[in-house]
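Asks: Can you make the complete structure from the sequences, with help from the hints?
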Amino acid sequence: MADQVIALKRDSSPPPDERNFRVKYAEVLNPAQLEAVRHREGPLLVIAGAGSGKTRTLIYRVARLIESGVPPAAILLLTFTRRAAQEMLRRAGHLIGDRSQGVAGGTFHSFAHLALRRFGAPIGIQPNFTILDRSDMEDVVNLLRTRMGFASREQRFPKKRALAEVVSMARNKSRALEAEIEADFPHLREHAGDILRLAASYEAYKHEHALLDYDDLLCRLAELLRTDQPTRHRLSDTYRYMMIDEYQDTNLIQAELVRLLAAAHHNVMAVGDDAQSIYSFRGANFRNIMEFPALFPGTKVVKLEENYRSIQGILDVANEVISLAREKYTKVLFTRREGGFRPLLVRAQDEHTQSRFVAQRVLELREEGVALDEIAVLFRSSFHSFDLELELQRRDIPFIKRGGFKFIETAHVKDLLAHLRVVANPADAVSWLRILMLIRGVGSRRAERLVETVVDSADPATALAAAAKAAGKAESELGRLSGLLAELRASARPAEQIAIVLNYYLPLMREAYPDDYPKRERDLEHLQAITERYRSLESMLADMALEPPNDSIGDVLAIDPDEGYLTLSTIHSAKGLEWKVVFLIWAADGRFPGPQSASPEDLEEERRLMYVAGTRARDELYISYPMYMFDRAMGYVMGRASRFLEGVRPEVLPTAVLEEAAEEPLDGEGK
DNA sequence: TACAAGTAAGTTTTT
DNA sequence: CTTACTTGTA
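First residue of the first sequence? That's 5 in our numbering, and the numbers climb one at a time after it.
Quick caveat, the hints were computed from the structure, so don't treat them as lab data. For each residue, glycine too, the CB sits at the ideal point set by N, CA and C. Among these hints, one or two may not hold up.
Unchecked claim - The calculated lysine to aspartate or glutamate pairs, modelled on EDC-like cross-linking and capped at a C-alpha distance of 16 Å, are:
1) Lys-418 / Glu-551
2) Lys-164 / Asp-198
3) Lys-210 / Asp-143
4) Lys-335 / Asp-320
5) Lys-210 / Asp-320
6) Lys-335 / Glu-324
7) Lys-410 / Asp-547
8) Lys-335 / Glu-310
9) Lys-418 / Asp-137
10) Lys-163 / Glu-194
11) Lys-163 / Glu-142
12) Lys-28 / Glu-91
13) Lys-410 / Glu-551
14) Lys-210 / Glu-608
15) Lys-163 / Asp-198
16) Lys-332 / Glu-605
17) Lys-584 / Glu-324
18) Lys-332 / Glu-609
19) Lys-418 / Asp-623
20) Lys-410 / Glu-324
21) Lys-332 / Glu-608
22) Lys-307 / Asp-278
23) Lys-584 / Glu-413
24) Lys-584 / Asp-623
25) Lys-210 / Glu-142
26) Lys-210 / Glu-456
27) Lys-164 / Asp-137
28) Lys-523 / Glu-413
29) Lys-177 / Asp-188
30) Lys-584 / Glu-567
Unchecked claim - Ranges of calculated distance between the beta carbons of each label pair, as one might list FRET restraints:
31) Gln-105 / Pro-552: 16 to 26 Å
32) Phe-634 / Asp-519: 48 to 58 Å
33) Gly-46 / Ile-127: 47 to 57 Å
34) Asp-519 / Gly-197: 40 to 50 Å
Replies: Quick look at the structure:
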């Protein structure tokens with residue numbers, strides 16, 4: 005190490021090597037954090053309450069490992085989003101410089117993707133496989149559903165969405181499909197036999213066309229590691245120090261992946277909070293984190309209970325919400341942050357009054373000097389913010405929305421990418437169908453036949469041109485498509501390839517969407533800009549499937565405001581984040597929890613979700629709900645506060661009834 | 001036979 | 001608002 009470092013001032017005798025460390029760990033971490041950061045070999049479980057410095061602990065441990073001489077490339081940091089991994093490595097970089105960039109980091113899915121591309125051959129995985137996102141999966145399921153004759157029979161057969169749901173859930177819970185139907189979808193029991201047959205064809209179809217869905221990425225990596233010893237050893241030797249964030253939201257397959265990857269060394273640090281487990285719909289079970297010590301005997305457990313984020317008033321609400329849970333959790337948060345502010349339960353007249361309250365308070369906060377990017381509005385379901393979005397637009401308050409619909413899933417973006425996907429993987433029948441059906445005169449029937457001839461040929465463009473001869477009036481269009489594909493194969497830069505597709509696709513799009521094609525064009529330009537940084541088509545397509553750009557900036561706003569954006573987010577997408585001021589809207593029974601939360605387990609998870617929402621706030625927390633809300637079945641009904649707030653004492657969460665603001669006309673130009 | 005248009009129903013959360 | 005299935009047209 006080139007830099008001479010000043011020795012620690014503290015009298016306590018640090019381990020000898022600590023003297024040379026640039027970071028003074030003992031001075032900036034609390035005892036529990038320090039214990040976790042100093043841990044070096046063997047399994048470690050950190051139970052970290054909300055705001056207890058969990059991320060900080062991970063970052064400092066990365067830094068300390070590297071300072072202790074561990075090569076960065078031997079560290080694997082698995083997080084819930086890649087963004088989280090990048091952010092952590094960036095912060096670690098502030099501590100120890102750019103050595104942190106050598107750390108391998110990402111999500112389980114992105115890690116599995118890379119591993120399978122490079123080492124998947126022993127279990128029959130082609131390196132150019134295509135990743136199916138959820139809607140691609142549904143497309144395939146739907147195709148098979150029709151092909152197998154389940155579409156137009158008298159008996160009602162489940163829709164593609166439900167089918168994809170069951171199939172995926174079974175895998176995420178590591179259950180046989182039959183058992184999954186019995187357990188979570190008993191109403192589909194009568195179709196169990198057909199669903200099983202459909203699922204089998206789905207597996208065969210994916211295999212035949214080099215397609216892997218999200219679940220395959222995890223399951224097949226587990227398969228690879230189980231069955232192929234050289235690969236297991238290779239990966240386990242490469243990543244000698246593993247760190248896993250948000251462990252409470254992992255499922256059994258992910259736990260198995262961890263076990264297999266760590267087989268050679270058991271150097272695993274898992275970090276999580278059982279009270280913040282909110283992904284059971286993805287097969288996660290908060291008990292997994294409790295069973296970590298059983299998976300790795302000899303696990304050291306460290307608890308972080310001091311909260312550095314929120315003032316006590318906010319923690320009081322969160323603690324009371326979670327204390328009424330049926331399962332008891334492992335810790336109670338406390339803070340030394342004093343502050344007079346009490347969170348407020350705001351009862352609004354109706355949804356629009358709620359929106360205007362939020363908008364107005366946001367403007368007041370801005371007057372008080374709180375930047376917009378220090379404020380967030382959270383909600384249970386992404387459509388809950390629709391009315392608020394209109395109100396914010398009306399008042400020129402810039403915002404970004406996280407979670408919910410992604411622009412990557414809109415038809416025009418999928419169309420565009422499908423043209424590139426067939427170039428990367430000519431066997432990708434889903435994408436072939438998609439781009440063929442865009443052509444006038446080609447419907448599902450003809451498209452399927454064309455796919456059959458094209459998929460197995462060595463030169464798809466030529467095969468397509470040959471097949472087009474028999475296609476009647478669609479011939480010339482198919483010829484153009486063939487030309488396009490040839491042109492795409494000749495180009496190497498993704499952004500350039502997108503430009504080539506745009507040239508072909510934009511006219512088709514204008515015809516297909518005469519109402520709003522300008523907006524869609526802007527989306528595609530945005531996409532082109534995003535893809536400018538990619539050098540390989542494969543990596544670009546993989547990123548689009550695994551880490552899609554989902555911050556859809558409100559399309560009204562063309563320019564970046566200096567003061568940043570107000571954040572609108574689902575609670576799920578707000579996980580791990582924090583803001584100075586948080587609004588939680590639609591905290592009403594019937595919305596949060598929603599009507600689909602029926603079982604006690606579902607409700608417990610909703611309660612944890614409420615806990616997550618509340619603990620995102622540092623200084624101010626406003627929870628609101630409308631007194632009258634519209635119900636599709638019953639018209640306007642009286643709204644009640646969420647049941648999770650009922651047990652919270654009024655001293656801890658006082659209620660304010662919202663008076664109509666006088667300066668504002670009731671009927672704005674919204675709607 | 002194959003495609004396009006029209007009508008009717010269902011809707012969380014995410015990799 | 002999207003998706004599914006029926007009916008209408010070439």
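Asks: Output the numbers, in ascending order, of every earlier hint that fails for this structure.
Replies: 5, 12, 14, 17, 19, 20, 23, 32, 33
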